[in-house]
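> Chain by chain, the residues run as shown.
There are 4 protein chains.
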Amino acid sequence: MDGIEVRWLREEPGTAEVLIEGLPGIGHVGKLVAEHLIEELHAEKIAEIYSLYFPPQVIIGADGVARLARNEIFLHGGNQGIAFLVGDYQSASAEGHYLLADAYLDIAARLGVRRIYTLGGYGVGHLVTEPRVLSAVNREELRPAVEAAGGGFNRDEPPGGIIGASGLLLGLSLRRGMEAVCLMGETSGYLVDPRAASGVLNVLSALTGITVDRSQLETRAAEMESIIAKLTESERAGDEDALRYIG
Amino acid sequence: MDGIEVRWLREEPGTAEVLIEGLPGIGHVGKLVAEHLIEELHAEKIAEIYSLYFPPQVIIGADGVARLARNEIFLHGGNQGIAFLVGDYQSASAEGHYLLADAYLDIAARLGVRRIYTLGGYGVGHLVTEPRVLSAVNREELRPAVEAAGGGFNRDEPPGGIIGASGLLLGLSLRRGMEAVCLMGETSGYLVDPRAASGVLNVLSALTGITVDRSQLETRAAEMESIIAKLTESERAGDEDALRYIG
Amino acid sequence: MDGIEVRWLREEPGTAEVLIEGLPGIGHVGKLVAEHLIEELHAEKIAEIYSLYFPPQVIIGADGVARLARNEIFLHGGNQGIAFLVGDYQSASAEGHYLLADAYLDIAARLGVRRIYTLGGYGVGHLVTEPRVLSAVNREELRPAVEAAGGGFNRDEPPGGIIGASGLLLGLSLRRGMEAVCLMGETSGYLVDPRAASGVLNVLSALTGITVDRSQLETRAAEMESIIAKLTESERAGDEDALRYIG
Amino acid sequence: MDGIEVRWLREEPGTAEVLIEGLPGIGHVGKLVAEHLIEELHAEKIAEIYSLYFPPQVIIGADGVARLARNEIFLHGGNQGIAFLVGDYQSASAEGHYLLADAYLDIAARLGVRRIYTLGGYGVGHLVTEPRVLSAVNREELRPAVEAAGGGFNRDEPPGGIIGASGLLLGLSLRRGMEAVCLMGETSGYLVDPRAASGVLNVLSALTGITVDRSQLETRAAEMESIIAKLTESERAGDEDALRYIG
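Protein chains in written order, with this note's numbering: chain A, 359 to 605; chain B, 359 to 605; chain C, 359 to 605; chain D, 359 to 605.
Looking at chain A on its own, in the form it has when it is part of the complex:
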């Protein structure tokens, strides 16, 4: 296995003007929005990404079939195609984050992407009744349109910058001539947060013109939360031992 493997699932991958990233992160806000869009738009999977920078494990499907941890590219081919980057993990190492982000941008370049939206959560550590959507851009001229769509810009928020793919895709895409916007839904960070996701979806819809039914958003959040709750419980029970013996 190479450091990073991209498996294209069809010969002609197609084209997309826009790439929407929703990898796992704070409150799983980005993941929830991106997976909801993929479902509602019936986007088609066109590529899988495998890497030794992902955690060394397999995921077991509902059918009992194990598969390697992976990220995926979906494509919705409308007037202007829209690609999605979703999946299981970000990176297990700091250097892997950079190398994977570059690989995602190679894929974006091949699809002809000109603008990237990275979606995430902004964890504030307490419950939020009216979640804001905080934003960042990789070129100042993108800011008015984001503000008009409802994305806020608050000095020093988030103060530590943006960690992981949602951040690096902004920084690294600039040198490839791509525009990039990061939308972060304010969230406690404790649960998969459909309200934060709904806020991000509002801004994203205004910016891209994508509109989808939202009746399944809460259901999807609840399902995702249920999986994560089991994961957390399992980690408490067995993982310390697991790491000890394996390490």
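Derived by calculation from the structure, the hints in this document are not laboratory data.
Quantities reported herein were computed from a predicted structural model and do not represent experimental measurements.
Even glycine gets a Cβ: it sits at the ideal position worked out from N, Cα and C.
Treat the hints with care, since some could be wrong.
Computed Cβ-Cβ distance ranges for the label pairs, DEER-style [stated by the list, open to error]:
no., chain 1, residue 1, chain 2, residue 2, range
1, A, E499, C, E581, 25 to 33 Å
2, B, E397, D, S573, 51 to 59 Å
3, D, I585, B, I585, 34 to 42 Å
4, D, A420, C, Y548, 26 to 34 Å
Derived DMTMM-like pairs: lysine to aspartate or glutamate, alpha-carbon spacing no greater than 20 Å straight-line [unchecked claim]:
no., chain 1, residue 1, chain 2, residue 2
5, D, K588, C, D514
6, D, K588, D, E576
7, C, K588, A, D514
8, B, K403, B, E393
9, B, K403, B, E369
10, A, K588, B, D514
11, C, K403, C, E370
12, B, K588, D, E515
13, A, K588, B, E515
Since the structure of chain A is already known, use the hints to place chains B, C and D on it.
Just chains B, C and D now, kept in the frame of chain A:
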């Protein structure tokens, strides 16, 4: 020393239809089953694996002779040969897990292996009176046979997927055209668990036709537990200092 | 993205006899002094350094524009040019520290640097009323001049040596024939410390002849402290989750 | 800077039948014995080892001059030369331990070394009134001589094997045809332990015929302890902040 070194102990390594992996893991269930089978079947060691992805240490034998940490391949040459992968450690780094799993599959390919069984424990954090055997496969068509042999498939168990060699061998063998089944004996995770091992052995015997005497299984578990207990005590006493000075 | 990328911002980078390093560190003493000098001397940025050894994140400017974490080289072209090395981070890995320090010295060599000053803090864990400036050199013959300028040498202080760029630039520059002096302002380590910075500035001015207005020093320290305080608060609130989901 | 750099300090490095390793470790037993021998035998430094696998820092000498962390080879040229491996650190990463141990063996091979003694401590976590010397060998035929010299072999001690250079040099030298013996002085692990060192020295003298005055052994232990105590205090005060800002 290269990243991973495979030392073949005889010129013609032989052939095996099946590879059974039992590296250290939760409750040492897989290790106990695989080492028990090796002993009872008088399997012969045919290869040693050394790697700088293992922890940087030597193991001291009962005779006072130190040897590098290593994993080993044993072969039992019956009608269809059966190979075993056992040893001291998995990997000290996330990337090493992937690289080592690929090296194990290179060995499997050289032996002509067509099916892999990976054996492990499923830690639940409390004592279990009737331990189940949870299963995963790398192709859905393997599932009926595993169920008929007593292997269970429960949605969301284990919820975090399968970490380490037992998982990666399922995921990475698929692309080499090998079938793979993971059998996990339910265990508290606190002690080397002969009951979980016995359950795994039941399912494995039904699937492979291998039958062995089990009178030594409890004795072997007790010996393994005794070694681990001393290790744990020693880690409490000295290792924090060791790591500090060495680091 | 390569391991380390240096982007020169003009064709002829210019020349400098002296390089002053002030990367983030204990009490941000070095960072405060170097950034103060850059502002007061109106030094010009001549290069940016990007690296996958930096933490995988982007920094968001006051205008909402995200940029990759980076370090920077500034140049003040007086009689003898003075270069400055400042920026966002040191390294996320031990090996990266060495590789980045070598890259900084490649830049220094290209500018013709003959002497390096590395600036930092010496954390003592309690408030200090009259902060000393502790020193280290990479050649013994540099010591009298440093002492005459007010830099102290106390056996076994700091007892653990000097960690990171401020240390490695001393050790690694020797083999390139460059002289190097480290000045460490005694500080509690708890806050961005303008008094420690002022002490370092005294010694540095006496050694280099650089004199600048200091009326903004306290203001800059307060601004820097405010940013760091927000960062710390944010880390408490959300980062554990962030790391968990991302990892 | 390459991964590992060996700087020979004279053109003809000389020859040695024996290499004695005493890098930092539990109770600094090995370091104390090896440095004591170097002093008493007036051994000469013949090589320095630099590596990006060492912690990224410089050590400050009593004269205020900083130097890169490094390990060193000394040579005492008697009837049969004796080489010593001592220094500042082992490795900052698991893989570095393997790579450095191989580099030490390249040096040993160049000097013509046929037998290696690695010296260390065996931390038991409580004060020991009559410290034993535990032993390990890399060939069983070495054991009688070690036992005759007072080195003990106790099954399952140390139960976790031997971590770091003292262990890897045993394991990795075997494949180069070198004999190797590890001598571990039983120690609480809390302080630099001259009694454990004295015990190791007894066994080593009986095995090698080297006899040295021991009147300075306690003094050297006290000096080493004083440096380490300052280091520990300093780490408590400042290092958490240091790592945080630098990381």
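> Can you give the numbers of the hints that this structure goes against, from lowest to highest?
none
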